[in-house]
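Engineer: Taken in order, these protein sequences are the chains called W and B. For the first sequence, this note's numbering assigns the number 1 to the initial residue and increments by one for each residue that follows. For the second sequence, this note's numbering assigns the number 1 to the initial residue and increments by one for each residue that follows.
No wet-lab data here; the hints were simulated from the structure. C-beta: ideal position from N, C-alpha, C; glycine also. Don't take every hint at face value.
Computed cross-link-like contacts, DSS-like style, restricted to lysine-lysine with a CA-CA straight-line distance of at most 27 Å [what the hints assert, rightly or not]: (1) 286/W / 336/B; (2) 251/W / 132/B; (3) 2/B / 280/W; (4) 266/W / 330/B; (5) 336/B / 251/W; (6) 28/B / 253/W; (7) 253/W / 136/B; (8) 204/B / 53/W; (9) 280/W / 266/W; (10) 280/W / 333/B; (11) 133/B / 251/W; (12) 251/W / 136/B; (13) 280/W / 336/B.
Chain B is nowhere near these chain W residues, computed Cβ spacing over 12 Å in every case [to be verified]: (14) 56; (15) 69; (16) 85; (17) 107; (18) 111; (19) 185; (20) 196; (21) 202; (22) 211; (23) 212; (24) 216; (25) 227.
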Amino acid sequence: MSLKIVVLAKQVPDTRNVGKDAMTAEGTVNRAALPAIFNPEDLNALEQALRLKEQNPGSTVGILTMGPPRAGEIIRQGLYRGADTGWLLTDRKFAGADSLATSYALATAIKKIGDVDIVLGGRQAIDGDTAQVGPQVAQKLGLNQVTYAEEVIKVEDGKATIRRQIDGGVETVVAPLPVVITVNGSAAPVRPCNAKLTMKYKYATCPMERTGKEPWKELYESRPYLTLNQWSVADVDGDEAQCGLSGSPTKVKAVQNIVFQAKETKTITDSDADVDGLIKELLDEKIIG
Amino acid sequence: MKNVFVYCEIERTTVQEVSQELLTKGRKLANQLGVELHAVVAGTDIKGKVEDQILPYGVDKLFVFDGEGLFPYTSAPHTDIMVNLFKEEDPQIALMGATVIGRDLGPRVSSSLTSGLTADCTQLEIGDYEDKKAGKKYDNILYQIRPAFGGNIVATIVNPDHRPQMATVRSGVMQKAIYDGKAKGEVVYPEVGKYVSEMSYAVKVIDRHVEAAKNNLKGAAIVVAGGYGVGSKENFDLLFQLAKELHAEVGASRAAVDAGWVENDRQVGQTGVTVHPKVYIACGISGQIQHIAGMQDAGIIISINNDPDAPINQIADYVINGTVGEVVPKLIKYYKQNSK
Chain W
1 MSLKIVVLAK QVPDTRNVGK DAMTAEGTVN RAALPAIFNP EDLNALEQAL
51 RLKEQNPGST VGILTMGPPR AGEIIRQGLY RGADTGWLLT DRKFAGADSL
101 ATSYALATAI KKIGDVDIVL GGRQAIDGDT AQVGPQVAQK LGLNQVTYAE
151 EVIKVEDGKA TIRRQIDGGV ETVVAPLPVV ITVNGSAAPV RPCNAKLTMK
201 YKYATCPMER TGKEPWKELY ESRPYLTLNQ WSVADVDGDE AQCGLSGSPT
251 KVKAVQNIVF QAKETKTITD SDADVDGLIK ELLDEKIIG
Chain B
1 MKNVFVYCEI ERTTVQEVSQ ELLTKGRKLA NQLGVELHAV VAGTDIKGKV
51 EDQILPYGVD KLFVFDGEGL FPYTSAPHTD IMVNLFKEED PQIALMGATV
101 IGRDLGPRVS SSLTSGLTAD CTQLEIGDYE DKKAGKKYDN ILYQIRPAFG
151 GNIVATIVNP DHRPQMATVR SGVMQKAIYD GKAKGEVVYP EVGKYVSEMS
201 YAVKVIDRHV EAAKNNLKGA AIVVAGGYGV GSKENFDLLF QLAKELHAEV
251 GASRAAVDAG WVENDRQVGQ TGVTVHPKVY IACGISGQIQ HIAGMQDAGI
301 IISINNDPDA PINQIADYVI NGTVGEVVPK LIKYYKQNSK
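The following block holds chain W by itself, in its conformation from the complex (with noise of 0.2 Å):
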């Protein structure tokens, strides 16, 4: 059967390498100075989903995401490797979004698609490790959830047939569609890039992206494909009390840079002489055995 797969795709950034200009002196973060990239496990999600398509003739795969209008890159990422289309759900009403808020967007973009036989998206974003908007994209849509999964192994008679990661093992499950499945890590790396169709979508973007003096502005009209679809709080039939910051019921009271709490510290070298010293000291005080 063929499938209409929509993947949920975050831009973050890029927690894994902070360097030491990534805080400023006040303790808050300095994002400027991080790259923003796909979040990885959307991108072992984005593979499951690509698979689907290749083993169900006629599926779709589409790519929604939510940020400010440079997360066009996601989307247009996703072209690159196969996906058809995507959506942009970029507005101030949504910033400020807690988990809750972010798949209450999320759901409500989703029943405006319409259709969607499978939602797939990474088990978390490197900037929250909350792990939370899947399952709760998935109440909010009354589906069925698979969280942790490490592989879709078929879709067949309306059943999806999942393998996933448990505490201390694995399990394979087997869900009725529509459903939403998140994907973990340790689950298949994404395909590369294909040249053909990142020669292809190149240029394409939202509208917000342009700033109307790009060269190449002109193949905007004659390619209606480079013209990626971008949807506000208005556009997906949203209520504003359940977006962004008033939609959210947790609040940040305080943000503290790090404060270690300093000890007195006995440095030593890599000689010889220091480590057997140390080794010596350790043994004496009955620290090691």
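Dock chain B against chain W, hints included.
Structural biologist: Just chain B, lined up with the frame of chain W:
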């Protein structure tokens, strides 16, 4: 009403340690707030087998849901139980493990109830909150404290207007202890069918393999842990050799796990295991907060790093300036020489 609830996770008829740790924490919070501690457990054929693993931690009332299809865990039936029970009981705080189950169940429940949920908390405290913009003050609410932004900052999260205030906590972050005070210890066995819709059993588990933990990282007296500075899988073998000599367990930072040098069940930190060893030997670990959150209670911290400015050095008792490849073989050599 307005009590503290803990969701108890089970493997067949064994209550998971993380749930007992949360019961101990929940008891303290309940005492501070002057309310009761309630617990929920759901499974198949568990009546008479799980109560003794839960009540001693100071539970005033335990809800045991025993029915077909509740084990192995699937999202929807357990969500139905929690959501419908919470609608009746109106708890002010609900805690669950930041395990695969808790992180599957928590968001689903919080979304159903439109209540806030904070994942992977490292501290839970009671305090006051003032919303200056709205001019509102809140007494005795739950501070949900967690590293954020890849562990570069620590955020205190509150849910001022929504109940329950929900939080997940990783295994090993809290310490379990049998409660020595008085608790009511009442047990009830509600009828599962009144809480779970038949439709909710749609997802079926057809195959399942669970193994006991392969390492004893959580309970180890000495941990030898490696980070990105270890440099290679070969160098990581040195850590295993040192650990063998010291009768220690090997841990790792997230960077070392991401590099594929060591299995992810050895990851120490906010999104891994929290350890409380007597000695923690950090090899080539820079010391992101994410990692520190999982090992800062270690008795003695020894840092081996060729970057004298590595943040972890600030909390270390001993710092050895050098590379892992140079220093670890020397540690092994001189330990062998001196311990005999």
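Engineer: Decide, hint by hint, whether the structure agrees.
Structural biologist: Right, here's what the structure says about each hint:
| no. | hint | in the structure |
| --- | --- | --- |
| 1 | 286/W / 336/B | holds (15 Å) |
| 2 | 251/W / 132/B | holds (13 Å) |
| 3 | 2/B / 280/W | violated (56 Å) |
| 4 | 266/W / 330/B | holds (18 Å) |
| 5 | 336/B / 251/W | violated (54 Å) |
| 6 | 28/B / 253/W | holds (22 Å) |
| 7 | 253/W / 136/B | holds (13 Å) |
| 8 | 204/B / 53/W | holds (24 Å) |
| 9 | 280/W / 266/W | holds (14 Å) |
| 10 | 280/W / 333/B | holds (12 Å) |
| 11 | 133/B / 251/W | holds (13 Å) |
| 12 | 251/W / 136/B | holds (14 Å) |
| 13 | 280/W / 336/B | holds (11 Å) |
| 14 | 56 | holds (20 Å) |
| 15 | 69 | holds (22 Å) |
| 16 | 85 | holds (27 Å) |
| 17 | 107 | violated (9 Å) |
| 18 | 111 | holds (15 Å) |
| 19 | 185 | violated (8 Å) |
| 20 | 196 | holds (31 Å) |
| 21 | 202 | holds (30 Å) |
| 22 | 211 | holds (31 Å) |
| 23 | 212 | holds (35 Å) |
| 24 | 216 | holds (37 Å) |
| 25 | 227 | holds (33 Å) |
Comparing the model with each numbered hint stated earlier shows that hints 3, 5, 17, 19 do not hold.
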